[in-house]
Amino acid sequence: MFISSAYAQAAAGGDTQSTLLGMLPLVLMFVVLYFVMIRPQMKRQKEHKAMVEALAKGDEVVTAGGFLGKVSKIGEIYVGVELADGMEVQMQRTAVVQVLPKGTIKS
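Just so we're aligned, residue 1 is where the sequence shown starts under the UniProt record's numbering, counting upward by one.
No lab work stands behind these hints: they were computed from the structure.
Do not take every clue at face value.
Claimed, not checked - No farther apart than 30 Å at their CA atoms in a straight line, the calculated lysine-lysine pairs in the DSS-like style are these:
id : residue 1 : residue 2
1  : Lys102    : Lys46
2  : Lys57     : Lys70
3  : Lys102    : Lys70
4  : Lys70     : Lys43
5  : Lys57     : Lys73
6  : Lys43     : Lys57
7  : Lys73     : Lys46
8  : Lys43     : Lys73
9  : Lys43     : Lys102
10 : Lys46     : Lys57
11 : Lys106    : Lys73
12 : Lys57     : Lys102
13 : Lys57     : Lys106
14 : Lys70     : Lys49
15 : Lys102    : Lys49
To be verified - Quick list of the computed label-pair ranges, beta carbon to beta carbon:
id : residue 1 : residue 2 : range
16 : Leu26     : Lys73     : 50 to 56 Å
17 : Leu83     : Leu24     : 22 to 28 Å
18 : Leu28     : Thr94     : 32 to 38 Å
Glycine included, every Cβ here is placed at the ideal spot set by N, Cα and C.
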């Protein structure tokens, strides 16, 4: 009386094709995300790492805090930066954001 008839639908070969088409926008969005966001970020990280590893004594640098100074000491993790005559600070190497051309900082 209250039981309705259930009919099984025949499995069609088009279901797998429609599933693949349904996944296509998701895959395309991931590919675009990779080329627009992830790949450029990895490239910037690689360039920054190379710049920090190439630091040498006497380089003029800009730090993450905005200070301009000359590298006076180099360690494995820390670097000494002379901000003014006789004023030297120790900071992490990764805090160096940019290496300036020689002669940028006027004494």
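Notebook entry, point to check: Among the hints numbered above, which are violated by the structure, and what are their numbers in rising order?
Noted result: Hint 17 alone not satisfied by this model.
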